[in-house]
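Kindly produce the complete structure, drawing on both the sequences and the hints.
By my numbering, the letter at position 198 of the sequence shown is numbered 198, and the numbering carries on one by one without gaps.
No wet-lab data here; the hints were simulated from the structure.
Yeah, the Cβ is synthetic: ideal placement off N, Cα and C, and Gly gets one too.
Hints are supplied without guarantee of correctness; some may be wrong.
Claimed, not checked - Cut-off 25 angstroms, straight-line C-alpha distance, at most; resulting in silico cross-link-like pairs (DMTMM-like, lysine to aspartate or glutamate):
| hint | residue 1 | residue 2 |
| --- | --- | --- |
| 1 | 406 | 418 |
| 2 | 2 | 78 |
| 3 | 85 | 111 |
| 4 | 314 | 293 |
| 5 | 2 | 62 |
| 6 | 84 | 62 |
| 7 | 370 | 331 |
| 8 | 406 | 502 |
| 9 | 314 | 251 |
| 10 | 404 | 384 |
| 11 | 581 | 516 |
| 12 | 581 | 287 |
| 13 | 281 | 332 |
| 14 | 242 | 145 |
| 15 | 487 | 516 |
| 16 | 420 | 384 |
| 17 | 371 | 331 |
| 18 | 442 | 412 |
| 19 | 371 | 478 |
| 20 | 84 | 71 |
| 21 | 269 | 331 |
| 22 | 84 | 29 |
| 23 | 442 | 384 |
| 24 | 269 | 293 |
| 25 | 314 | 250 |
| 26 | 370 | 330 |
| 27 | 370 | 526 |
| 28 | 84 | 7 |
| 29 | 349 | 283 |
| 30 | 2 | 53 |
| 31 | 269 | 311 |
What the hints assert, rightly or not - FRET-style restraints, in silico, Cβ to Cβ:
| hint | residue 1 | residue 2 | range |
| --- | --- | --- | --- |
| 32 | 252 | 497 | 38 to 48 angstroms |
| 33 | 118 | 22 | 13 to 23 angstroms |
| 34 | 168 | 2 | 56 to 66 angstroms |
| 35 | 65 | 253 | 17 to 27 angstroms |
| 36 | 583 | 180 | 17 to 27 angstroms |
| 37 | 314 | 58 | 38 to 48 angstroms |
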Amino acid sequence: MKIIKFEFTCSRQVPLYAHLCNQYLNYAELNINIGYQQGCYFIEAEGQQSQLEILADAIAQDFLISVWLTDSRIALVDTPQGEKKLLEDGAIEQEFCQQCAPIIGDNQSADFGQLSLPCSCCHGEQRINTDYRGLTVNDIRAMTDTLLTHGQLTLGNDSSIHLSLTAPATTHRPRLLVCNPNTLNAQFHLNDRQILALSSIEKPLITVRPIQEHPKLDAPLYDLCFAYNRLLLIIAEQLRQKGIDWLFIDDATQQSALAFIDSGWVEVKSQHRSAVNIAAKVDALHDNVLINDAADGFYYASHKPGRYHAEYYKTNHIHVDDTHCITLSDEERAICALNSVCLEHDLSKNCAIIFLSEHYAGQILTLDAKKNSELFFALPSLPDTGYEIYHQLEQSPQRQVLEKFKQRYPEDYLRLLDLKLPQPTTNLQSLWAIAAVLLGLKSRTMAVNDLADALIACALGHRGANSPRIDYPLTRGEAHRSLNWCKTLATLMSFRLADDRDSHKLAFGMHDSLADYFANWIEHLDLNISVKQVALAGSEWQNPLLCQRVALRVGKNFPIRFNQQLDIDGNNYAIGALTLKKRRK
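If you want it as structure tokens, here you go:
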């Protein structure tokens with residue numbers, strides 16, 4: 001008799017994995033124990049070789065890849081550590097699993113389109129939106145016909161999903177529902193990691209760029225997803241049969257696209273998950289906290305010994321006292337972000353954070369050996385109009401370069417004058433948007449996020465390893481250092497004036513040079529406070545190239561840490577605020 005242990009190590013809890021472990025307790029042929037320790041789900045089985053091989057095949061079929069899965073292995077053990085006690089499986093969100101998806105979502109199946117088909121494995125029929133329950137195969141086929149006839153379709157009432165065959169009139173990054181996965185590589189640039197994430201049980205949004213000169217895809221970047229509920233699964237299959245590879249989707253309940261930082265996927269901002277818990281050795285300074293979100297909601301966090309808890313509430317559904325909502329400055333928000341990373345990774349001192357968010361000021365902040373925080377660097381507040389950007393460049397020592405640029409590229413000069421940047425402008429997105437204009441990059445609109453995406457996509461298209469070094473010189477203020485953005489943009493203009501043949505190289509240089517400057521600044525801080533770890537937080541880490549270059553440049557000398565159980569631009573602030581040294585009223 002042998003004891004085999006099947007292990008699934010995850011960066012955060014996966015409710016479906018816990019549910020599957022519980023189901024295997026009913027596996028009658030073998031003596032089964034299960035458990036969950038330090039992020040690892042495991043199943044231990046004792047039996048004969050032939051029986052264990054059958055079990056291994058069953059587990060391989062059931063435990064489909066989770067986007068949070070970091071490692072899996074099978075080991076021979078002497079003494080079992082698990083129990084016959086059910087695991088807390090939390091709130092399973094999937095409406096289908098590996099057993100029922102092929103039955104209801106494959107047109108070759110006899111039960112194709114049976115929306116409410118019971119599943120003995122995931123019980124997904126119990127989680128179907130009440131707006132969709134009761135729909136028959138013919139009802140769904142009629143809905144698909146309506147979509148094909150009118151070009152658009154709205155599903156549901158309160159939490160409606162809008163599907164469209166043509167791009168919606170919006171400046172937000174377009175989201176696509178993939179109907180035919182077999183055509184993905186012919187239309188988008190994807191790596192194996194992204195394909196696995198799209199196919200994972202969570203069905204997240206993943207940011208990709210289309211192939212060059214695609215006749216129907218004119219945006220620089222897209223957020224892709226596979227069908228994530230039963231109704232979409234059936235509609236997508238019906239559309240695939242009609243030759244539709246993808247269509248546009250708008251669903252307010254969807255989370256942001258995931259980001260890949262250094263070694264794993266992270267959630268940027270989630271508003272649909274009810275709660276998250278993390279264990280920590282550090283005691284909080286406050287029992288609870290309520291902070292406002294950049295959108296229309298609140299994050300509420302509370303603390304009990306050894307346990308931190310956070311929840312998200314929509315403004316119109318809030319059932320906590322919002323009169324006690326605290327206001328955080330941008331610097332305090334960066335400190336909260338660093339605090340949350342410290343809690344997750346059991347850190348407390350000698351660390352730095354590179355905080356880059358679309359909604360709050362970008363900063364580099366440190367904690368010294370005495371756990372005191374200090375702001376080293378903050379991105380400047382850029383002018384919010386092209387006229388003012390031009391005026392400040394004209395008043396700077398870079399005026400001569402600006403005049404040459406104006407004469408050589410009059411159309412791009414006029415585009416610069418038309419540029420309007422929404423507040424806040426203390427972010428990289430604003431700088432990327434200006435750079436996109438100066439490089440003459442095409443974009444659907446002059447919206448800042450469209451222009452920023454154009455620069456990122458252009459940089460991702462660079463095929464070489466080398467690029468010009470763009471200057472990011474520091475300026476010394478009274479409290480902290482900032483960026484001489486006029487010189488940064490003048491360097492970019494100079495390189496374009498010298499050689500206008502490869503905008504990909506210059507866009508890549510914007511990213512790689514900044515990552516190199518980050519590395520130099522962290523090394524400077526290391527001499528002063530002995531930096532042991534570098535944390536990353538904020539929504540701008542959705543930029544895949546910046547993540548890659550920072551992981552290469554900064555990660556060469558310093559371990560990189562980031563939130564994996566929490567969002568990197570959401571509930572991490574509320575959790576971090578529980579240990580914020582801030583006096584309450």
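Please write out, lowest number first, the hints stated earlier that are contradicted by the structure.
-> Those not satisfied are hints 3, 11, 36.
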